[in-house]
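Taking the working numbering, the leading residue of the sequence shown gets 794, the next gets one more, and so forth.
Think of the hints as simulated: they come from the structure by calculation, not from any bench. Treat each hint with caution, since some may be false.
Beta-carbon label-pair distances, calculated as ranges [unchecked claim]:
1. 902 x 821: 28 to 36 angstroms
2. 943 x 897: 21 to 29 angstroms
3. 833 x 902: 42 to 50 angstroms
Every residue, glycine too, gets a C-beta built ideally from N, C-alpha and C.
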Amino acid sequence: MTKFFDMIYLFFMTFCKLCFIGMVAITSYVVFGRYVLRSSPTWGEPVVLMCMVYMSLISAALAIRKDTHIRMTIIDFLLPEKVVNVMKAAAQICIFAFSIFMIVYGWRFSMLAGRNLMTGVGIRSMWLYLSVPMAGAAMCLMEIERLLNFIQRHRNKDFPGSPADHNDHPQQSAVIQGKEETA
794 MTKFFDMIYL FFMTFCKLCF IGMVAITSYV VFGRYVLRSS PTWGEPVVLM CMVYMSLISA
854 ALAIRKDTHI RMTIIDFLLP EKVVNVMKAA AQICIFAFSI FMIVYGWRFS MLAGRNLMTG
914 VGIRSMWLYL SVPMAGAAMC LMEIERLLNF IQRHRNKDFP GSPADHNDHP QQSAVIQGKE
974 ETA
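Based on the provided sequences and hints, a complete structural model is requested.
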């Protein structure tokens, strides 16, 4: 199952990298056209905006998988571990619910925006707003993996000596297995 999520992560990461490369290339071309050729393309800025929107929303989903999103952790030190675990589980469920919200209402809004054209590009605004349901789908997939890992970690925690229990504390697992390492 991890390979499936690794492939999805790689797909979205590659998409974000391509958006970033596109932003840099198009912005360079627009600046070159504006200051050297004295003629700037009208499509440049809207396309850069679209790349930026897609990249920023989808990269937020990638941060969920790696657990690198912004959060406050002071509560983790003030409350008991069981309360913190319940709060983490509730936060993951809320993120999952929000990603479903993004998919459903982002799709509806995209279809509504499909009536308008983007200035300078001549394509429907729907393509800009499709970034919301696409990011929602990415968030949903990344959160499904986090939820599955969270459940598995807490199930294995109930059974001392399980392999997942040893992965949480690598030094302790080496001692348990009789392979005490010295530095």
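Structure-based check of all given hints:
no.	hint	in the structure
1	902 x 821: 28 to 36 angstroms	holds (32 angstroms)
2	943 x 897: 21 to 29 angstroms	holds (24 angstroms)
3	833 x 902: 42 to 50 angstroms	violated (30 angstroms)
When the structure is compared with the earlier hints, a violation turns up for hint 3 alone.
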